[in-house]
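Peer 1: Given the structure of chain G, go ahead and fit chain L onto it with the hints provided.
Just so you know, the sequences run in chain order G and L.
Residue numbering for the first sequence follows the numbering used here, starting at 1 and increasing by one per position.
Residue numbering for the second sequence follows the numbering used here, starting at 1 and increasing by one per position.
Be careful, since some hints might not be right.
What the hints assert, rightly or not - Pairs of lysine-lysine, PhoX-like flavour, derived with a Cα cap of 20 Å: (1) G:Lys78 - L:Lys20; (2) L:Lys85 - G:Lys240; (3) G:Lys368 - G:Lys262.
No wet-lab data here; the hints were simulated from the structure.
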Amino acid sequence: MAISPFCKKSARSTFSCSGFGHGPIFLLNMTSTIPNPLALIAELTHRCPLHCVYCSNPLELQSRTNELTTEVWSRVFKEAAEAGVLQADFTGGEPLARPDIVELVRAARSAGLYVNLITSGLPLDEAKLAALGEAGLDHIQLSFQGAREETANEISGTKSQAQKLRVLEWLRQHRIAVTLNFVIHRRNMDQLEEMVALAESSCATRIEFANVQYYGWAFANRENLLPTRVQLDQSLTLIKREQERLQGRIRVEYVVPDYYAKYPKPCMGGWGRKLMLITPSGDALPCHAAQVIPGLAFENVKDRSLREIWEHSAAFQKFRGEAWMQEPCKTCDRRELDFGGCRCQAMLLAGDAAATDPVCSLSPLRAKVDAILAGLNAAPPAQLFVKPAWLYRPNPA
Amino acid sequence: MTPELHSFPRLAPGCRLNEKNQQPRTLLMPERALRLNGPSLEIVERCDGQHTVQQIIVDLQKIYSKAEPHKVEQDILGYLTLLQKERALDFQL
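Extracted from the complex, chain G is given alone in its bound form (with noise of 0.2 Å):
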């Protein structure tokens, strides 16, 4: 369903728990750093209504053909819990076109894992969600492409809406957590007012608005999807607002667009330091958009175990700590607060992935990135906001 274009990326950074953040405290010590995995994130299938031109899927998609069995996901999840993870992301394409989601949950969460079910809403009944709930999910993320239909329906390439406010009424009678999730860009950022109104109608206790990060589709689409300067900054005002009414209540997450950043997001939470991304055929990725590096081989889970590839896989190690990285990265004070920026990134705007993630101010090459937003923010309105000539993301067989 390609929610997230990577929400995951940046809006993980807090699952470090280096505490809250708290003064001197007697009695409580919360946290430590923890140097196992802590998130799996299952891309369960690559199959979606949904036709998403911000997908966070890479542009070659894997047919049904491909995808792991139920059997060797139910072994991924037990060697994810014995590994240390704690959560399990059920993500796709849209995971429901799981036919065998129900038992996927329940061997997540009968291995110990918090089960997350990040989806369009698409292919769901009420009877389909009790039982989701009933095998012991936790907790879904419901997508949203826009708060007015007509948005939706452009961004979506496919009429989703109505669907999506029958599934946030049952989730208030199941009683199942929900977030509301909103991917934001140019064409939808001017109804974050309207996005949250919709979260408050609803029984959600989290809205996460993430900016679309430009990778796959979204990568391809990006002249169309880059919100303005003054769209940034009015959004900015309004989340700070909620965020603050709307305190106990429902907490506001919100994902930076790192184009605009003055300094990189600590992608993944670092490379092979937090999360693992298990693809619909089963090789394990770093990141969501790995397979852009060239000359990175992946293991596969159905050739060795989790905390194997985890440990060894030449993938995972490519990145990890400091030893592959480039000035000004190299004896940068926020080294280790960021490790680079996003590698990914870096190939698709360097051409090298061990460059400083161009996003960064102190990148000699953020003047690349500098020079797409001035001519953007340069363009007449007029031109800014007709409905694009979109590429949309297929839905493979």
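Peer 2: Below, chain L alone, put in the same frame as chain G:
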């Protein structure tokens, strides 16, 4: 906002402790997790909708009787406030 002493905190939807046989004990939340030990676990285990904030304070003052009672109270209130900001708790009156 400081939690009301007579309110009953309980874990918000989507938040739960991992199982007793899973160590270390951890509070699992959407896209987050918090390792708990000692007092933080004692507090979270009591956020079950059955204990008032006041009862949690009294319980922990007994368990940690060597600590200064006022300091224990302040820490618990601070911790509950932080959990509330994380949207991990609901308070019922």
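Peer 1: Confirm or reject each hint.
Peer 2: Hint check results:
no.	hint	verdict
1	G:Lys78 - L:Lys20	17 Å, holds
2	L:Lys85 - G:Lys240	14 Å, holds
3	G:Lys368 - G:Lys262	14 Å, holds
Checked against the numbered hints listed earlier, the structure breaks none of them; every hint is satisfied.
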